[in-house]
Amino acid sequence: MHHHPLEATVERLCAVSQAKYANPYTAIDWPAQLDGDQWCMSPELISIFGTEAYMHLSAAEQRRLSFYEVVNFFSLNIHGERALVEGLARRLYRKGHRAISPYLHHFLDEENKHMTYFGGFCMRYAGKIYPDKKLAFPRTYAPGEEDLLFFIKILLFEKIVDAYNVHMSKDMQLVPLVRRINLLHHLDEARHLAFGHLLVQQIFQEYRQQWSDDTLHALRDYLSNYLVATWNEYFNPEVYRDAGLDDPYGLKEHAFQQPGARAHRREVTASCIRYLLATGILSEEPAL
Amino acid sequence: MNLEHNSRVQLRHWVLAKNGKIRPEELDDHTPILEQRIITSLQVMDLILFLEQLTGKPIEVEMLQPGAFRSIETLYQHFCAAEAPNGYQH
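Protein chains in written order, with our numbering: chain A, 8 to 295; chain B, 1439 to 1528.
Chain B with its partners taken away, still in its complex shape:
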C-alpha cells in the first residue's frame, strides 16, 4: 500500500467513523463532506488534530481556507500530498 493510498484510506475511515451514519459506498474521494453535513463545522477542529497526527506536521489554522475541507481529495491535496509539505494552503 503506498503512502498516498494509505492517507486517503485513513481519512476515509476517520470521516466514516465521525459521522457514524453514512454507508461506505456513499462516500468517495470527491463527496462534499461539509456541504452534505457528513462532517459538521464543529468537527473540523477534531479533523485538524487528526491531520496533524497523520502528517506529523502542525497546521496553522489562520492560513487555511474552508475549501481545504471540501472533500477527502482536497484534504489529501492540502495536507498530505508531497507538494503540500507544511500542511498549509499557499
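In isolation and in its complexed conformation, chain A is listed as follows:
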C-alpha cells in the first residue's frame, strides 16, 4: 500500500487541531471602544518607523498611526487568508491531495476563524478593511508548479505574518485585544507552518526533475519578486492618508527604501530565505 510522505504529520497535526478546537465567538471579548491612548502596533513594526516623517509626529499621532497600521496588517491577513481558503477548498480531495485532505479541513476551519478575528477588529473599530490591490492574471504552469507556488506563497506570507504575531503577542504596551488576536493567530499558524514546510519540500522534490531549467529560473525569479511585493503591501499610502500624513505616495516610496526598513525586511525574512536556499527552491538570496 502506498503511503503519502506526510501521512504521519497529517495525523499528528489533525490530533492537535482537534484538541485545540476553538469557538471564535467566545475566544475574544470585544470592547465597545478601543483605548485611543494605547499602541495598537508595536512602534518598531510601523512601516515608516525611523523616517523623519515618523519622528516629527507627536506621541499621540504616532499611536493614532499605529491604529491604522494594525488595520492594514489585519486587512493583509484577511486578503491572504481569503486566497488561501479559496485555494485550499479547490484542493480538497483532489487526486494527489486525498491523504492530506483531513488536515486541509482543519486548515480551512482555522483560517476562516482567523478572518473573523481580523474582520471583527477592522469593521468594529475602523469601519473598513483596506482593499486588496493584487490582481491575478491567467497563465500556464509546468506539472506541479501551480501547487508549489500556491503552498509556497502561503508559507512565505504566513512566516512574515507570524513574526509580527509573535512580536506583538508579547508587547505589553499594546491594547490587550491586539495582543490577544496576534496570540490566537500565532498558536494556529505554528501548525500551518509545520505542514507548509514539509508539503512545499515534498512537492518540489516530486516535480523538480520534470521541469526545464527555464521553468526553474522563472519560478525563482517569481518568488523573489513575490517576496518584494508582499513586503510592499505593508507600506500602504491609505494608512498614511488616514493618519493625516502629507504626501502618502511619496512617503511610501521613501519609507520602503530606507536602510532601516531594508534591514528589517531581511531580518524578518531570514528564516524564509534559509529554508528556500536549503531546499534548493532558491539558488541565491533575493534583494529585499
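FYI, nobody ran anything at the bench for these hints, they're computed from the structure. Some clues are possibly wrong.
[To be verified] Straight line, CA to CA, 27 Å or less: simulated DSS-like cross-link-like pairs of lysine-lysine:
{"#": "1", "chain 1": "B", "residue 1": "K1495", "chain 2": "B", "residue 2": "K1456"}
{"#": "2", "chain 1": "B", "residue 1": "K1495", "chain 2": "A", "residue 2": "K141"}
{"#": "3", "chain 1": "A", "residue 1": "K27", "chain 2": "A", "residue 2": "K166"}
{"#": "4", "chain 1": "A", "residue 1": "K160", "chain 2": "B", "residue 2": "K1456"}
{"#": "5", "chain 1": "A", "residue 1": "K166", "chain 2": "A", "residue 2": "K177"}
{"#": "6", "chain 1": "A", "residue 1": "K135", "chain 2": "A", "residue 2": "K160"}
{"#": "7", "chain 1": "A", "residue 1": "K141", "chain 2": "B", "residue 2": "K1456"}
{"#": "8", "chain 1": "A", "residue 1": "K160", "chain 2": "A", "residue 2": "K141"}
{"#": "9", "chain 1": "A", "residue 1": "K27", "chain 2": "A", "residue 2": "K120"}
{"#": "10", "chain 1": "A", "residue 1": "K120", "chain 2": "A", "residue 2": "K160"}
{"#": "11", "chain 1": "A", "residue 1": "K120", "chain 2": "A", "residue 2": "K166"}
{"#": "12", "chain 1": "A", "residue 1": "K135", "chain 2": "B", "residue 2": "K1495"}
{"#": "13", "chain 1": "A", "residue 1": "K27", "chain 2": "A", "residue 2": "K160"}
{"#": "14", "chain 1": "A", "residue 1": "K120", "chain 2": "A", "residue 2": "K141"}
{"#": "15", "chain 1": "B", "residue 1": "K1459", "chain 2": "A", "residue 2": "K141"}
[What the hints assert, rightly or not] With beta-carbon atoms standing in for the labels, derived distance ranges:
{"#": "16", "chain 1": "A", "residue 1": "H63", "chain 2": "B", "residue 2": "P1496", "range": "23 to 31 Å"}
{"#": "17", "chain 1": "A", "residue 1": "P150", "chain 2": "B", "residue 2": "Q1474", "range": "19 to 27 Å"}
{"#": "18", "chain 1": "A", "residue 1": "A66", "chain 2": "B", "residue 2": "P1496", "range": "29 to 37 Å"}
Every residue gets a Cβ at the ideal spot worked out from N, C-alpha and C, and that includes glycine.
Since the structure of chain A is already known, use the hints to place chain B on it.
Frame of chain A, contents of chain B only:
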C-alpha cells in the same frame, strides 16, 4: 504640454523605470507590457498605486479586467481619459 500627453509620458517613464532594461525606442503606447513581461504581474500592484497617484482617484481592483493593463494606451483609456472619471472599467 496637454494633460493627455502628460499622463502618457508619465506612464511611459514609470514603465521604463520599473523594467530598467528595455530601451525607450522599444516601448510605444501599444507595446503589450504584460505579455512581453516588460511589467510583471507582481508589479501591477505598484502600477495601481502609481495610477491612483497620477489621477488622484482610488482604483477598485475588484472591478478591473486584466485587459486594462495591456499597454500604455489601455492604461490611459481605462484610468486617465476624461471618459473614465472613476478610474474603473465599466
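So which of the earlier hints does this model not fit?
Hints that this structure does not satisfy do not exist here, as all of them hold.
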